[in-house]
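Visitor: Please model the entire structure based on the sequences and the hints provided.
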Amino acid sequence: MKKSFVILLLFIQTALLAQEINFEAKLSRTTIGLNERVQVSFTINQDGDNFQAPNFEGFRVVGGPSQSTSFSWINGVKSFSRSYSYVLQPTQKGVLTIKQGIIEYEGQTYKTVPVKITVTDAIELPKDPNDPDYKVGEGVHLVAEVSNDNPYLNEPVTVVYKLYFNPRFQVRNVQEVDNPKYNGFWSQQINIDKLQAVQGKYNGQDYALVVWRKVILYPQESGAKPLEPLTISLDIDVPTGRRNFFLEPEYKSVTKTISAGAKTIQVKPLPETGKPLNFSGAVGKFNFEVTPSKTELRSGESLDLEISVSGIGNLKLFTLPKTEFPSAFEVFDPEHKEEVTTPLSGMTGKIADKYTIIPQFKGKYTLKPIEFSYFDLTSKSYKTLTSKEITITVLDNPNFTSSRQEVATNEANKQQLIKNNSFQFIKLKSDFVPKNKENFFGTNLFYGLLLAPFLCIPIIVLARKKKEAIDADEFGNKIRRNNKLAKKYLSEAKKQMGNKIPFYMAMERALHNFLKAKLHIETSEMSKENIQEILESKQAQTETITQFIQLMNDCEFARYAPATHVAMQQDFEKAVTLISELEKQL
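In terms of the working numbering, the sequence shown is numbered consecutively and its last residue is 571.
These are computed hints drawn from the structure, not numbers from a lab.
All of these numbers come straight from a predicted model, not from anything done at the bench.
All C-beta atoms, glycine included, are put in the ideal place defined by N, C-alpha and C.
Please note that the accuracy of each hint is not assured.
Listed next, with one range per pair, are the computed distances between beta-carbon atoms [as the list claims (entries may be wrong)]:
| id | residue 1 | residue 2 | range |
| --- | --- | --- | --- |
| 1 | LEU302 | LEU262 | 15 to 21 Å |
| 2 | GLU274 | LYS473 | 57 to 63 Å |
| 3 | MET490 | GLU5 | 18 to 24 Å |
| 4 | ASP106 | THR363 | 53 to 59 Å |
| 5 | GLU323 | ASN20 | 30 to 36 Å |
| 6 | LYS78 | THR363 | 56 to 62 Å |
| 7 | GLN517 | THR103 | 27 to 33 Å |
| 8 | CYS441 | ASN484 | 48 to 54 Å |
Mimicking DSS-like on lysine-lysine, the simulated pairs with C-alpha atoms at most 25 Å apart in a straight line are [unchecked claim]:
| id | residue 1 | residue 2 |
| --- | --- | --- |
| 9 | LYS260 | LYS301 |
| 10 | LYS523 | LYS469 |
| 11 | LYS322 | LYS353 |
| 12 | LYS485 | LYS166 |
| 13 | LYS479 | LYS559 |
| 14 | LYS260 | LYS365 |
| 15 | LYS479 | LYS450 |
| 16 | LYS260 | LYS373 |
| 17 | LYS210 | LYS179 |
| 18 | LYS469 | LYS569 |
Guide: Following this line, the structure appears as structure tokens:
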């Protein structure tokens, strides 16, 4: 009996220990150089939800968040672990603090203990060929291949970004950190259906190759134009040279940020020699056509005239030539059409302006030839194409009255109407006005207006004293000012909905100014512990306090993490609700 009782106690104790919640932050290293990186993991031994990372002040997030979960059941004891990991690059030296991570489990909120890390001067990176960091530096390269670094203005230039890596490496979690903006270029990214590693060579050695991005550029300005580098972050599993119990190779995970390096393109201006007066910036190889839908019709009927350019070149970056139409034609604004594709070789296709024309009178009308000029990249010279002369025959249409004839008829009718109403100026009815008018002097209105300024003097004196009292109340003015700022920034956040960083900056300022107005505190006192303590002392509800502080943390974290328009809308509505609740409670 006693033995069974002991076993029961041991089972209960094991079950209680298994249910104990443990949520902690772990660092891969506690001391690093300014040019090194550190991994921080937030680990909980239960299936928690709604994890919130700190804002990592003093660090730049170069990897993560990556999530891992492990579960086991040994001898009737459950073991569970979930981790959220980030790779951080310090931005300053000194003893830095990684603040609390927050997570929820079964309605309760748990926080990690802040951890400190010492950041020293930049150190020399390891040169040991067996070190994984050294292997990554030697075995992973991002290259930007430029098709032409000395093009003409509006000549297409292709940039292909290729990622080379050692075939023995395993690459994952590739993310773009800095995207080039291609200032001074018209740019279009070419879609890559599937990222796939193939065999390639880099510096004469065999590498695995992934074509990461393809871009086509059309320079819009001459001179030296820098191309900003593309920078990516990736996790790389590097073989250590050792094998595990099952004789499988062991790997060490390394997070690396690599850049394709800056490039400069020297853009040549188009030559001035031989440039036609009607040149509108077309560069490439083109065909030019002016095509009427028909050349014989009746007056009042319509025809279409299409002016089109087709071929290879900067089709979207110049205007089509225009023509002069006879005065007997009613011409509507053209309909612009583009049938252009943009492969890696450059724009190809057709653009056209389609005019709808309605002849008003019968006769034969001639459309003069139109010229179109472009710069031919093959011959490095200007070419001019001329359309044929077009004759339009307009037949009589007895059932059609032109708009001009209608205008002439209306004018004649109008003149006839004026003529028939030549005695219109004689009025048939009269408005009589009293001959003797009442004198304004001595009336009630006269005395009322005379005494009004004297009656306003006491009101002005009282209003002035009230204003002086308000101006002297510095404390009250500060509260009112903070209230106005809170409303202003909340309104600004609503305007910036969908624009992540300005939205959350405005949200933070709105929350801070609301607290300043209600709690009478300064910016230097704006710590979350102090805020919670003051709100509790003012009898605010614990749940509201927790939600408000959590919202402040969300705003800080959201500036460094992806955020959708729906999430921003939810955060905004939550802020309005919490501010309203605290208004009532305080």
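Visitor: A separate judgement is required for each hint: does it hold in the structure or not?
Guide: Do the hints match the structure? See the list:
The given range of 15 to 21 Å is respected by LEU302 and LEU262, whose C-beta atoms sit roughly 19 Å from each other. Under the hint 57 to 63 Å, the C-beta atoms of GLU274 and LYS473, about 59 Å apart, fit the expected range. In this structure the supplied range 18 to 24 Å is violated for MET490 paired with GLU5, their Cβ-Cβ distance being about 40 Å. Our hint of 53 to 59 Å for ASP106 and THR363 holds, since their Cβ atoms are close to 57 Å apart.
Under the hint 30 to 36 Å, the C-beta atoms of GLU323 and ASN20, about 49 Å apart, miss the expected range. Under the hint 56 to 62 Å, the C-beta atoms of LYS78 and THR363, about 58 Å apart, fit the expected range. The beta-carbon spacing between GLN517 and THR103, approximately 29 Å, falls within the hinted interval of 27 to 33 Å. Checked against the given bound of 48 to 54 Å, the beta carbons of CYS441 and ASN484, roughly 49 Å apart, stay inside it.
Annotation: proposed proximity of LYS260 to LYS301 holds, straight-line Cα distance about 21 Å (limit 25 Å). Under the criterion of a C-alpha separation no larger than 25 Å, the hint pairing LYS523 with LYS469 is consistent with the structure, at around 22 Å. Taking the CA atoms of LYS322 and LYS353, the gap is near 23 Å; set against the 25 Å cutoff, the hint holds. Restraint check: the Cα-Cα separation between LYS485 and LYS166 comes to about 19 Å, which is no more than 25 Å; the hinted pair holds.
Taken as a hint, the LYS479 and LYS559 pair is honoured in the structure, with Cα atoms around 13 Å apart against an allowance of 25 Å. Taking the CA atoms of LYS260 and LYS365, the gap is about 12 Å. The hint holds against a cut of 25 Å. A distance of roughly 38 Å separates the Cα atoms of LYS479 and LYS450; the hinted pair therefore is violated under the 25 Å criterion. This hinted pair checks out: LYS260 and LYS373 have alpha carbons roughly 22 Å apart, not beyond 25 Å.
A threshold of 25 Å between alpha carbons decides the hint, and for LYS210 with LYS179 the separation of about 31 Å lies outside it, so the pair is violated. Under the criterion of a C-alpha separation no larger than 25 Å, the hint pairing LYS469 with LYS569 is consistent with the structure, at around 18 Å.
Of the hints listed earlier, those the structure fails to meet are numbers 3, 5, 15 and 17, in rising order.
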